[in-house]
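Engineer: If you want the building blocks of each chain, they are given just below.
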Amino acid sequence: MGATWRAVGPGLLLALFGLHCGPLDDDEVSGDLGQGAFAYGCVDSSDPACRDGFDADEFPNGVSTGSRFEVSFTEFDRVFDDPDAARVFPAAPAFIAEEGTTFRARSAGLAALLAQQLNGGRVIDFVHVRIADIVELRVVESDGDPVSLTLTEGELLELRVFGVDDVGTMLSGSRSYDWSTSDSLVVALDTLSPTALMTVRAEAAGPATVTVETEGATASVDFSVVAP
Amino acid sequence: MNRLLFLALLLPACGSGPKFEQLDYSRVSTAPNVVDLEPTQIRLAHGVAVAADIDALRPNGKKLESVAFQSSDESVVGVARGPDSRWVFFGAGLGRTQIQIFSKGKRKGQIEALVVRQSELSSD
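Chain order of the listed sequences is A and B.
Residues in the first sequence are numbered from 1 upward in steps of one, following our numbering.
Residues in the second sequence are numbered from 229 upward in steps of one, following our numbering.
Note that these hints are calculated values from the structure, not bench results.
Think of the CB as a built atom: it goes at the ideal place given N, C-alpha and C, for glycine as much as any other residue.
Be aware that a few hints might be false.
[To be verified] Estimated spans, in silico, between C-beta atoms of each pair:
id : chain 1 : residue 1 : chain 2 : residue 2 : range
1  : A       : Glu136    : B       : Lys334    : 52 to 60 Å
2  : B       : Lys334    : A       : Gly121    : 38 to 46 Å
3  : A       : Asp26     : B       : Gln250    : 43 to 51 Å
4  : B       : Asp301    : A       : Met170    : 31 to 39 Å
5  : A       : Thr199    : B       : Ser303    : 43 to 51 Å
6  : B       : Ser300    : A       : Thr209    : 51 to 59 Å
7  : B       : Ser303    : A       : Val135    : 29 to 37 Å
8  : B       : Gln269    : A       : Leu189    : 53 to 61 Å
9  : A       : Gly121    : B       : Ser303    : 17 to 25 Å
10 : B       : Glu266    : A       : Leu189    : 38 to 46 Å
11 : A       : Arg87     : B       : Glu340    : 27 to 35 Å
12 : A       : Ala108    : B       : Glu266    : 21 to 29 Å
13 : B       : Asp301    : A       : Thr199    : 46 to 54 Å
14 : A       : Ser142    : B       : Asp301    : 44 to 52 Å
[As the list claims (entries may be wrong)] Partial list, derived from the structure: chain A residues whose beta carbon lies under 10 Å from chain B:
id : residue
15 : Pro93
16 : Ala94
17 : Gln116
18 : Asp125
19 : Val135
[What the hints assert, rightly or not] Negatives, chain A to chain B, calculated, CB over 12 Å:
id : residue
20 : Asp166
21 : Ser220
22 : Asp222
Based on the sequences and whatever the hints tell you, model everything.
Structural biologist: This is how it looks when you write it as structure tokens:
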């Protein structure tokens, strides 16, 4: 028993108490001071960083102006892995605003988020988030493939939209999108919810254009629906 | 009378203690092209943060002890203690203010602190 405990006990304790000393998770980056990990979280499914729910595939290279997102902090080598042990706050409200438990990117630039002890004590670490304007919207199928422009009557197709910056980097963050169709008798929108995902339904043969907009950026897809 | 005058001249010097001359920075965190830390002035880009070990030096080059820093206007420059005896400065808003320097709880001087647009520093 004693030998077994000596062999597995420390690891078991670390697992129980969540000591954060291993490699970073995919959605994390180390702070600039190397004291802990900042994790990115999505507010809803409209954030292209989280294709499978609310867990980000990675800490994004940039977030879009006007979008919302979450960032939490876990100090390295902290035995009790309590996410409430530190608060994360923006250095400059002009770049990032706090909205409850989420953040909103307000203007383009490099913006620091600082992790501070809850009692208003020392700053433990900080990370810089790049905020950029969307210069182009891109529409793909929900699995990332290019959009099939020819649909057969009765066919359903799920579209996903995301914004990119001036060098083509995908920008993360949750935001609202407005979808519309030029002819709902040819291609109908399955839902009017203002998210990054939209299911379109081919109703009748003919041409129709589906357009998506978000704060100044627009993308269109020209469909051709054919009879079965 | 002369003795009183001598004491009167001596008192202010005793009260003020060692003078502050300039700051010396080390272990500065990575913040390329957006932070400019100088001995008697710092320039920060709006929105960014930097951490450094900071010594406050007297005119004779010796370090002031138990140094602490405080912003005169937190809406321009934020100042906080960081890890491993470092200090963290961040550009909270555009403008100019001062960072007050204390040693053993007594104010010893100040330096100018300037927060500028990111484009002004990143083009340096």
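Engineer: So, for every hint listed, does it hold in this structure?
Structural biologist: Hints and how they fare:
1. Range check, glutamate 136(A) to lysine 334(B): Cβ separation about 57 Å, and the 52 to 60 Å hint holds.
2. At roughly 22 Å, the beta-carbon separation of lysine 334(B) and glycine 121(A) lies outside the given 38 to 46 Å, and the hint is violated.
3. The hint said 43 to 51 Å for the Cβ distance between aspartate 26(A) and glutamine 250(B), and at roughly 45 Å that hint holds.
4. A hinted range of 31 to 39 Å holds for the C-beta pair aspartate 301(B) and methionine 170(A), which are about 38 Å apart.
5. Distance hint for threonine 199(A) and serine 303(B): a CB-CB separation of about 47 Å, consistent with the stated range 43 to 51 Å.
6. Distance hint check for serine 300(B) and threonine 209(A): the Cβ-Cβ separation is about 58 Å, which falls inside the suggested range of 51 to 59 Å.
7. Remark: the range hint 29 to 37 Å for serine 303(B) to valine 135(A) is upheld by a beta-carbon distance near 32 Å.
8. Range check, glutamine 269(B) to leucine 189(A): about 57 Å between beta-carbon atoms, so the 53 to 61 Å window is met.
9. Hint check: glycine 121(A) to serine 303(B), Cβ distance near 21 Å, so the stated range 17 to 25 Å holds.
10. The hinted range of 38 to 46 Å is not satisfied by glutamate 266(B) and leucine 189(A), whose Cβ atoms lie roughly 58 Å apart.
11. As the Cβ distance of arginine 87(A) to glutamate 340(B) is approximately 30 Å, the hint placing it in 27 to 35 Å holds.
12. A C-beta distance of roughly 28 Å is found between alanine 108(A) and glutamate 266(B), which places it inside the suggested range of 21 to 29 Å.
13. One distance hint, 46 to 54 Å for the beta-carbon pair aspartate 301(B) and threonine 199(A), holds here, with the actual separation near 52 Å.
14. Restraint check, serine 142(A) to aspartate 301(B): a C-beta distance of roughly 49 Å satisfies the suggested window 44 to 52 Å.
15. Of the supplied interface hints, the one on proline 93(A) holds, with its beta-carbon coming within about 8 Å of a beta-carbon of chain B, less than 10 Å.
16. A hinted interface residue such as alanine 94(A) counts as satisfied when its beta carbon comes closer than 10 Å to some beta carbon of chain B; here the least separation is about 7 Å, so the hint holds.
17. Of the supplied interface hints, the one on glutamine 116(A) holds, with its beta-carbon coming within about 7 Å of a beta-carbon of chain B, less than 10 Å.
18. With a cut of 10 Å, the hint placing aspartate 125(A) at the interface with chain B holds, because the nearest CB-to-CB distance is about 7 Å.
19. A distance limit of 10 Å between C-beta atoms decides the matter here; for valine 135(A) the minimum to chain B is near 18 Å, and the interface restraint is violated.
20. No Cβ of chain B approaches the Cβ of aspartate 166(A) within 12 Å, the least distance being about 15 Å, so the stated non-interface status holds.
21. Against chain B, the non-interface label of serine 220(A) holds: every CB pair exceeds 12 Å, the least being about 33 Å.
22. Once the 12 Å rule is applied to beta carbons, aspartate 222(A) is consistent with being away from chain B; the minimum gap is 39 Å.
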